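K.L.:
Listed below, chain by chain, are the residues.
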Amino acid sequence: MKYKKINDSWVIVLRKGDRIIEKLTEFVKTENIKSGFFNAIGAVSSVELAHYNLEKKRYSSKLINKPLEVVSLMGNVAVKEKEIIVHAHIVVGTNKMELYGGHLKEATVAATLEVIFIEFKEMISKKYDEDTGLNLMELE
Amino acid sequence: MKYKKINDSWVIVLRKGDRIIEKLTEFVKTENIKSGFFNAIGAVSSVELAHYNLEKKRYSSKLINKPLEVVSLMGNVAVKEKEIIVHAHIVVGTNKMELYGGHLKEATVAATLEVIFIEFKEMISKKYDEDTGLNLMELE
Amino acid sequence: MKYKKINDSWVIVLRKGDRIIEKLTEFVKTENIKSGFFNAIGAVSSVELAHYNLEKKRYSSKLINKPLEVVSLMGNVAVKEKEIIVHAHIVVGTNKMELYGGHLKEATVAATLEVIFIEFKEMISKKYDEDTGLNLMELE
Numbered sequence: 001m002k003y004k005k006i007n008d009s010w011v012i013v014l015r016k017g018d019r020i021i022e023k024l025t026e027f028v029k030t031e032n033i034k035s036g037f038f039n040a041i042g043a044v045s046s047v048e049l050a051h052y053n054l055e056k057k058r059y060s061s062k063l064i065n066k067p068l069e070v071v072s073l074m075g076n077v078a079v080k081e082k083e084i085i086v087h088a089h090i091v092v093g094t095n096k097m098e099l100y101g102g103h104l105k106e107a108t109v110a111a112t113l114e115v116i117f118i119e120f121k122e123m124i125s126k127k128y129d130e131d132t133g134l135n136l137m138e139l140e
Numbered sequence: 001m002k003y004k005k006i007n008d009s010w011v012i013v014l015r016k017g018d019r020i021i022e023k024l025t026e027f028v029k030t031e032n033i034k035s036g037f038f039n040a041i042g043a044v045s046s047v048e049l050a051h052y053n054l055e056k057k058r059y060s061s062k063l064i065n066k067p068l069e070v071v072s073l074m075g076n077v078a079v080k081e082k083e084i085i086v087h088a089h090i091v092v093g094t095n096k097m098e099l100y101g102g103h104l105k106e107a108t109v110a111a112t113l114e115v116i117f118i119e120f121k122e123m124i125s126k127k128y129d130e131d132t133g134l135n136l137m138e139l140e
Numbered sequence: 001m002k003y004k005k006i007n008d009s010w011v012i013v014l015r016k017g018d019r020i021i022e023k024l025t026e027f028v029k030t031e032n033i034k035s036g037f038f039n040a041i042g043a044v045s046s047v048e049l050a051h052y053n054l055e056k057k058r059y060s061s062k063l064i065n066k067p068l069e070v071v072s073l074m075g076n077v078a079v080k081e082k083e084i085i086v087h088a089h090i091v092v093g094t095n096k097m098e099l100y101g102g103h104l105k106e107a108t109v110a111a112t113l114e115v116i117f118i119e120f121k122e123m124i125s126k127k128y129d130e131d132t133g134l135n136l137m138e139l140e
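Chains as they are written, first to last, in the working numbering: chain L, 1 to 140; chain F, 1 to 140; chain B, 1 to 140.
One chain only, chain L, in its complex shape (with noise of 0.2 Å):
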């Protein structure tokens, strides 16, 4: 992983083998960032989507293993707490052109994944609701 900071934006490039949310969440708390939001296109040689069942309160999830794109990744920062929450939605593609998605649990990066990514100068706080079995944003 590299990355440059340009105005309030940084440009992050993950190489061959980097694991997407283990390596924003270390640019993250290296940059000592408060929260802001990224978008990403790339390739990614696995993933592991997920989808939340709102009544099990639980993700269920697929592993793919095969060449796919990043035909779109985007994500957000924010804080539960002490710990840094990187939330990211991904569209992968096969050769065929088709696409899957969900909720990234973990990828590994194939080629390279450039990220673009806002960052804003207050934290933004999530709290764990009962209700929904979720880590929400708490807005004052």
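Below 30 Å or equal to it, Euclidean Cα-Cα: the simulated DSS-like pairs (lysine-lysine) are:
# : chain 1 : residue 1 : chain 2 : residue 2
1 : F       : K23       : L       : K121
2 : B       : K66       : B       : K105
3 : L       : K127      : F       : K4
4 : B       : K105      : F       : K57
5 : F       : K16       : L       : K57
6 : B       : K16       : F       : K62
If you only want the chain F side, here are some residues facing chain L, beta carbon under 7 Å, derived:
#  : residue
7  : K2
8  : I6
9  : V11
10 : N39
11 : S72
12 : V91
13 : N95
14 : M97
15 : A110
16 : A111
17 : E114
Just so you know, these hints were derived from the structure itself, not from any lab. Since we're looking at a predicted model, the values are computed, not measured. For every residue, glycine included, the Cβ atom is placed at its ideal position computed from N, Cα and C.
With the hints as your guide, set chains F and B onto chain L.
P.N.:
Showing chains F and B alone in chain L's frame:
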């Protein structure tokens, strides 16, 4: 719906039962926002997707009533005469990680929708275009 | 193509018949833009999607000739030596709300394409990488 301004951006959180286009329109009106664009991720319990037929000059649409991840939501805000137009396209994902998408007519939020809205200080105008039957951006 | 600058952002409107990559490249050259990223929604009448095979070091591609919503278009602009590289990934949707997507080779706009382009004041460099066969971002 709750929201918070951070620099020239807004973080908007929609909750269960909120209708996306309706709430974003309400936000834009209440905060006197001239124009802008947004990205969002989250989940919906139903969505009405549309596809424009340029020859017939009308949308066909499809209503999906089941729990869906909002894998991508991308849109902008412009003004036609004094009417606010929230224009958005959406990708939704099923519990099999299959995706559907198109022009977003309306959708009802499930657990939450996390929206990042970038505000512009100038108006973007739209005008009805006879040729396509659509409201198109007019940049002088 | 028409465009208008608002703060450090540009709103770019493409019209029927415009080729997306060609027009965005023309915009970047004409306005002497160093780098940036963009999102867009709209519609196309044809699109050539691609998927990179990292082992064979080449793209496979698929041409779709029918009316499609541009459900998501996400990309960035960088420079390899003096060549401008507009890199974008796209999700398109049929009248059945089914989606296809991948790396965008080129597409022809149908009714319109609404692009939000965020300009950076510094250059992002790309360099050919033997290992992957791709032009990768080089951040010093």
